[in-house]
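Turn these sequences into a full structure, and let the hints guide you.
For reference, the chains in residue letters:
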Amino acid sequence: MAYSWDCSREVHLDVWLNTGAQGVAPDQINGCWRGHVKLSLCGFGHQEKRNLNCTRQPRQIAYLSTDTKLLLFITTGEIRWMRLENKRQGINFNLLRTMFHKEKSIQLKNSASALYNNLSVLRIAPRRLTYFTVVHANVVNMVSTSWDGLNYSHRQLQSKEPNVATSTSLIMQAAFCALPSRDLLVVSSQKGIQMYESDGSIMVYWHALDTPEAPTGVSSGAVLVFDVPSKGSNITLSEVLEEHKEAITDIASECSGSQECLANLVTADDGGNMCVWKSGEEFQLLNKIPGLDITCSSVKLWKGTVLAGYGTGQIRLYEAVTGILHAEVNAHARWIYSLDVAPFSGLLLSAAEDSFVRVWHLAITPETNSVEIAHLHNECVTDTQICGAKFCDGDGYAFAVTGYDLSEIIRRVPASWTVSQDT
Amino acid sequence: MSTRTLPLLFINLGGEMLYILDQRLRAQNIPADKAKKVMNDIITTMFNKKFLEELFKPQELYSKKALRTVFDRLAHASIMRLNQASMDKLYDLMTMAFKYQVLLCPRPKDILLVSFNHMDAIKDFVKDTPSILSQVDETYQQLIEMYTPLSNGEFQLIRQTLLIFFQDMHIRVSIFLKDKVQNSNGRFVLPTNGPVPRGTQIPGLIRIFSCSGEELTRLQFSNGGNYSSALREGSFEMFGNRVTKLGTNMYSVSRPVETHMSGTSKSSAQHTKVNAAPNPLAKEELNMLARLMGGLEVQKPGSTDTGFRVNLFATDEEEEEALISRPNELSYGVISIQATKDQQANAELTKIMGEFTESGDPSSSASSKGEDLLALMDGL
Numbered sequence: 200m201a202y203s204w205d206c207s208r209e210v211h212l213d214v215w216l217n218t219g220a221q222g223v224a225p226d227q228i229n230g231c232w233r234g235h236v237k238l239s240l241c242g243f244g245h246q247e248k249r250n251l252n253c254t255r256q257p258r259q260i261a262y263l264s265t266d267t268k269l270l271l272f273i274t275t276g277e278i279r280w281m282r283l284e285n286k287r288q289g290i291n292f293n294l295l296r297t298m299f300h301k302e303k304s305i306q307l308k309n310s311a312s313a314l315y316n317n318l319s320v321l322r323i324a325p326r327r328l329t330y331f332t333v334v335h336a337n338v339v340n341m342v343s344t345s346w347d348g349l350n351y352s353h354r355q356l357q358s359k360e361p362n363v364a365t366s367t368s369l370i371m372q373a374a375f376c377a378l379p380s381r382d383l384l385v386v387s388s389q390k391g392i393q394m395y396e397s398d399g400s401i402m403v404y405w406h407a408l409d410t411p412e413a414p415t416g417v418s419s420g421a422v423l424v425f426d427v428p429s430k431g432s433n434i435t436l437s438e439v440l441e442e443h444k445e446a447i448t449d450i451a452s453e454c455s456g457s458q459e460c461l462a463n464l465v466t467a468d469d470g471g472n473m474c475v476w477k478s479g480e481e482f483q484l485l486n487k488i489p490g491l492d493i494t495c496s497s498v499k500l501w502k503g504t505v506l507a508g509y510g511t512g513q514i515r516l517y518e519a520v521t522g523i524l525h526a527e528v529n530a531h532a533r534w535i536y537s538l539d540v541a542p543f544s545g546l547l548l549s550a551a552e553d554s555f556v557r558v559w560h561l562a563i564t565p566e567t568n569s570v571e572i573a574h575l576h577n578e579c580v581t582d583t584q585i586c587g588a589k590f591c592d593g594d595g596y597a598f599a600v601t602g603y604d605l606s607e608i609i610r611r612v613p614a615s616w617t618v619s620q621d622t
Numbered sequence: 070m071s072t073r074t075l076p077l078l079f080i081n082l083g084g085e086m087l088y089i090l091d092q093r094l095r096a097q098n099i100p101a102d103k104a105k106k107v108m109n110d111i112i113t114t115m116f117n118k119k120f121l122e123e124l125f126k127p128q129e130l131y132s133k134k135a136l137r138t139v140f141d142r143l144a145h146a147s148i149m150r151l152n153q154a155s156m157d158k159l160y161d162l163m164t165m166a167f168k169y170q171v172l173l174c175p176r177p178k179d180i181l182l183v184s185f186n187h188m189d190a191i192k193d194f195v196k197d198t199p200s201i202l203s204q205v206d207e208t209y210q211q212l213i214e215m216y217t218p219l220s221n222g223e224f225q226l227i228r229q230t231l232l233i234f235f236q237d238m239h240i241r242v243s244i245f246l247k248d249k250v251q252n253s254n255g256r257f258v259l260p261t262n263g264p265v266p267r268g269t270q271i272p273g274l275i276r277i278f279s280c281s282g283e284e285l286t287r288l289q290f291s292n293g294g295n296y297s298s299a300l301r302e303g304s305f306e307m308f309g310n311r312v313t314k315l316g317t318n319m320y321s322v323s324r325p326v327e328t329h330m331s332g333t334s335k336s337s338a339q340h341t342k343v344n345a346a347p348n349p350l351a352k353e354e355l356n357m358l359a360r361l362m363g364g365l366e367v368q369k370p371g372s373t374d375t376g377f378r379v380n381l382f383a384t385d386e387e388e389e390e391a392l393i394s395r396p397n398e399l400s401y402g403v404i405s406i407q408a409t410k411d412q413q414a415n416a417e418l419t420k421i422m423g424e425f426t427e428s429g430d431p432s433s434s435a436s437s438k439g440e441d442l443l444a445l446m447d448g449l
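Chains as they are written, first to last, in the working numbering: chain A, 200 to 622; chain B, 70 to 449.
No wet-lab data here; the hints were simulated from the structure. None of the values given here were measured: they were computed from a predicted structure. Note that beta-carbon positions come from the ideal geometry of N, C-alpha and C, so glycine has one too. Among the hints, erroneous ones may be present.
Unchecked claim - Example chain B residues on the side facing chain A (calculated, C-beta under 8 Å, incomplete):
| hint | residue |
| --- | --- |
| 1 | Leu172 |
| 2 | Pro218 |
| 3 | Ser220 |
| 4 | Gln236 |
| 5 | Ile240 |
| 6 | Arg256 |
| 7 | Pro266 |
| 8 | Ile275 |
Said to hold, decoys possible - Output of the computed footprint for chain B on chain A, the stretches with three or more beta carbons under 8 Å from beta carbons of chain B:
| hint | region |
| --- | --- |
| 9 | 309-318 |
| 10 | 511-522 |
| 11 | 525-537 |
| 12 | 552-561 |
| 13 | 566-577 |
| 14 | 580-593 |
Here you go:
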């Protein structure tokens, strides 16, 4: 049986969330909270109170019907139900479909360039801000937006070489790196790599890349590993990994808590070849997944599974350590430019030159080695070749999109959900 | 970005320029022999051996300013004259046409097919003149040699480099608006229907595999578009059916070529001399330009009895109006360089070069480069 409802529909219940009242002590981490949901069921001629444990903030609560007296809590991490008569709880709904609706776009100072993964997002929970970066030729546009949607501030970083004030070089990618102790903004251009504090205020490090006498315009395929201290600019190059023969297109990592998860880094190149690594004092190559001469433009690592997007428009899911192909999706009609995964909910976002952003749901069980991928939603950005798409938070509640020649960041939030109950 | 972009940019823009000039020559009823001379002269200059040698060297893409200067020179390589406004319009049309072709290429590699479409048409223009024909054939060889070994990823890099060059250009072109391939806001229509590129499957299928590699499940999803199977592969050789229509002459049917300028600010879109303030980037570009245009022979503007003017607008009044009303932000700021044996011009060039000497420049290359430049000019 499938249930669906509109997120804008009024909830028939009064719910106290995150108020700190009624003895609830919320613990805010990244905008989610751990604690109790206190329910007060009003309007039935009596008052009833319920407590429910939720590890994620419920986004939507719906009362399905008076006869089933079933209450559903949708978080993007899980869908819980509670039968009101006997307070029985469980999690056994499948997310079938989500409809999204537009949120106000963020205007940029210039348009986005056609580069892979041309959007990076960083949530700063303590300050209730989100940073977005989009590359335009030799400039990084940074926008900082407050969560209440009222304040926007812009900053532009220009790629430059500290010694030679002549040419400004084109930027290949700008990305936020969330390290355990600090966040950095890494900007890579043809001439070198710059690292900034996450707000773009100070450049903390510059690494010049060798410029060969006869520039070929294609990088060598080396992966540079930097040691970053928790404060300050004493960043050093610790290792150079030379396994790839072609230009590196994307790198993905996963900080896995579980000991069983061996691999925590994957690198992809222009030939579609991928290398799987384990970090440590020295990086260890665990596996090589050969490509089929098609560029892998975007790669992510989640629960030990490599999620790769290709120039042919295909998405493939591989088991990182063994290279076993779990799934293959004919996802897009043109070159894929960006993939993103929301780690807490298993939502996958793919975006391509074909003007489409697609949302998928992944279900991966490492223990049983089973993988499922289901299609949830299509979003067409008319007449735009999309070059960046990212979830705005770890739950995948909202996502943001950039496109070539577009001077805005388009945003979407869920409008309605459809779930089915396991029988 | 890619250092192999310039030849493709030049050849495709050149091809578009020839399509437009050919159409205007016919529309203005220029006598056939004169028209043919113009086309032959321009094509000969475009495919000058020394010029192409410079062009095909691995290098960064020129700025818009520098490239516009090259095409200015090219357009005046014969007895035909164009006024400022017509030249601006010509360049607008050329660039928007190629931008459209680059955007709509199903695969990055198809840019080469688009280039071959232009080359095929150029070859047809000069099919009666063996000497020029052989130049064109040689260029085919160079293209094939340089580009056919490239991977898809390298072509995508070339495409991305071209897209950066064309970024934020949204000039509305009448023909595109009429054919509904461009919206009234200047952005091109990107269809979500039609054939998928070769090598891509129609979106809609999910396949799940077991650990041993057998297919466990197949699921379908709706792709939101209306796609069909890929067309057959086009030919990447000197001859053959290119399959794609991108890069073919859309002006064959006589249609007016108007552009609409957005913005109403008045501007004096004159040739601007290179800024005298020390600008190291311009210096480097000047060097490149001079090297490149060393190979471009220019007709002396002296004898004007066989010369004539081509107008890209319907009337002279319209042309004048266009010049006055062209918005500031759309002016190309052409660099004025005369690579002739004219003494005064040489002196001016040396002077400009001299002004770019930076005191902190250790290699003191300014003077030696200036001398090389003069030597190159003198060699013409």
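Going through the numbered hints above, which ones does this structure break? Give me the numbers in ascending order. 2, 5
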